[in-house]
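Enquirer: Spelled out, the chains give:
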Amino acid sequence: MELKSGSNLEKILRAGQFAFTGELGPPRGANDAAVREKAKFLRGVVDSVNITDNQTAMVRMSSWAASLIALQEGLEPNYQMVCRDRNRLAMQSDVLGAYALGIRNMLCLSGDHQQFGDHPRAKSVYDIDSMQLIQMVQGMRDGGKFQGGADIETPPRVFIGAAANPFADPFEWRVHRLAKKVKAGADFIQTQCIYNMDKFRRWVQQANDMGLTEKVFILAGVTPMKSIGMARYMKTKVPGMDVPDAIIKRLQGVDKKKVADEGIQIACEQIAEFKEMKGVAGVHLMAIEWEHKVPEIAERAGMLPRPQV
Amino acid sequence: MIVAERKPLEEIESMLKGYRRVLTVGCGTCVAVCLAGGEKEVGILNAELQIARKLDENPIELGAACVERQCDMEFLDELQGMVDQYDAILSMACGAGVQFMAERFEDVPVFPAVDTTFIGANRDVGWYEEKCRACGTCVLGMTAGICPVTMCAKGLFNGPCGGTNNGYCEIGNDQPCAWYRIYERLARQGRLEQIMEIHPANEWRNQTPRTLVQAAYRKRKELAAS
Ligand code: SF4
Ligand code: SF4
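Protein chains in written order, with my numbering: chain A, 177 to 485; chain B, 240 to 465.
Interface residues of chain B toward chain A, partial, derived using beta-carbon atoms under 7 angstroms: (1) Phe396; (2) Asn397; (3) Cys400; (4) Gly401; (5) Gly402; (6) Thr403; (7) Glu409; (8) Ala440.
Using 25 angstroms as the maximum straight-line C-alpha spacing, the simulated SDA-like pairs for lysine to any residue come out as follows: (9) Lys469/A <-> Glu449/A; (10) Lys451/A <-> Arg426/A; (11) Lys359/A <-> Thr376/B; (12) Lys246/B <-> Val322/B; (13) Lys299/A <-> Gln414/B; (14) Lys299/A <-> Pro415/B; (15) Lys321/A <-> Pro439/B; (16) Lys216/A <-> Leu480/A; (17) Lys279/B <-> Glu313/B; (18) Lys299/A <-> Trp443/B; (19) Lys375/A <-> Tyr407/B; (20) Lys321/A <-> Asn441/B; (21) Lys299/A <-> Lys246/B; (22) Lys216/A <-> Leu277/A; (23) Lys370/B <-> Val301/A; (24) Lys370/B <-> Ala440/B; (25) Lys391/A <-> Ile437/B; (26) Lys299/A <-> Ala335/B; (27) Lys411/A <-> Ile410/B; (28) Lys413/A <-> Ile440/A; (29) Lys359/A <-> Gln433/B; (30) Lys391/A <-> Gln433/B; (31) Lys413/A <-> Ala392/B; (32) Lys375/A <-> Pro415/B; (33) Lys321/A <-> Gln446/B; (34) Lys180/A <-> Gly325/A; (35) Lys411/A <-> Gln428/A; (36) Lys359/A <-> Asp385/A; (37) Lys299/A <-> Gly324/A; (38) Lys293/B <-> Asp326/B; (39) Lys279/B <-> Gly334/B; (40) Lys187/A <-> Glu249/A.
No lab work stands behind these hints, which were simulated from the structure alone.
All C-beta atoms, glycine included, are put in the ideal place defined by N, C-alpha and C.
One chain only, chain A, in its complex shape (with noise of 0.2 angstroms):
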């Protein structure tokens, strides 16, 4: 088996296996022992987590270094980065240093607006977009070539992801959207949290129809519903998320106390079916700030023990 980083994640997706990622949002403090403590809830349970990039655009401590951490405690980071706040020299720098500190694999996204953070009135960079971000870290690694066209001596080795929102509009457009990703460079797909699954089953069939889902790998996005508060303002307040009335239905027609758990079921219920879903490879668990819950519903949905590759 050709590997193009080594990491876990990829072995288990080349394997064939059903891949399972976490994530983990790091503390708006310098307080390492808040990664840890988080991670202690993720290991040995998926195969790799997703360490946010000043998510919300509200700072945070640097994805790179909570990524640093997370591999101390022994999972398998998967390193954010978006083009918000860097321009391609810093981003660049990043990846080598990533690399170089033992990181191998990175989700390579465009980041919420700054207007939404804590910061609203700074400038964004935007040098490049998310695609172009993908396109540049391929380069680097397959090209052995900086994004000026100098070479690497040492090219890092990450396995390279990106995101996609199949239920943001132009509904039409999204399946092209995932294949110029591809065609970046995309080794692995995360979507975002899957609540309308008719929808989702449409865009994974276009995927298939387009022979895409040959030459990536996608992990559905699974959010398990805290509350119907949660739900209302994942509904309303989230651009470019999809809650079904369906949803919030169901979660308000059990009794308060079981609300939560009502929510995981429904994540568990999604995660297998997206096993048996022709096209789909994994799921990506987003427990938001819900970390000690993950054992748990990864428990609940077959996903335990990892397997070893």
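Given chain A, work out where chain B with the ligands should sit, using these hints.
Expert: Frame of chain A; chain B with the ligands shown alone:
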């Protein structure tokens, strides 16, 4: 055109605090059209300043002039005879005009009376919209005449991003998603293939001060330099 906005009176007053004889100069082109710094605005600003300084018991003597274009040395020459009589010039032109004025009359302090805001178009009377950031490599042909650098909140070249929400940008409900509109317009024209290919990283050409000499005039510039 260049769109500008008059600075608040207090800011202009504070710049002019130490000056007793000031020449306010309007510009007859862009800033006149966008109602920020033409002949009429010179008159209004001078009247406001006059009153404010009188109230402060620090009277000021104000002159008024308006040239066709402050971003053209030829027109600035018209002011030659006047400038000597003043201790400062208050320019109502855009940033380019103010700088040419300051270069032309190097011994006289020149102050800006407007904030130069953007390159834009006139949607309605007194209503202007930003349209171009002068990136230096225009992609409007590929994007159905909608500028992604200016109109997309992230300046993406390969949109729309995952934040687009019912045709609006993730930054808020009154900002249309530029890329959604690009998609719609290209689809209507049957030209979606324009955005199927990856648009590579932009080679930014607006990161150093730029000079442009049209081909026909390059010889003339060389002669002037030698
Ligand atoms: S692409 Fe560049 S030159 Fe063209 S309108 Fe946009 S900013 Fe202006
Ligand atoms: S929602 Fe549309 S306009 Fe806003 S950042 Fe994304 S692509 Fe650009």
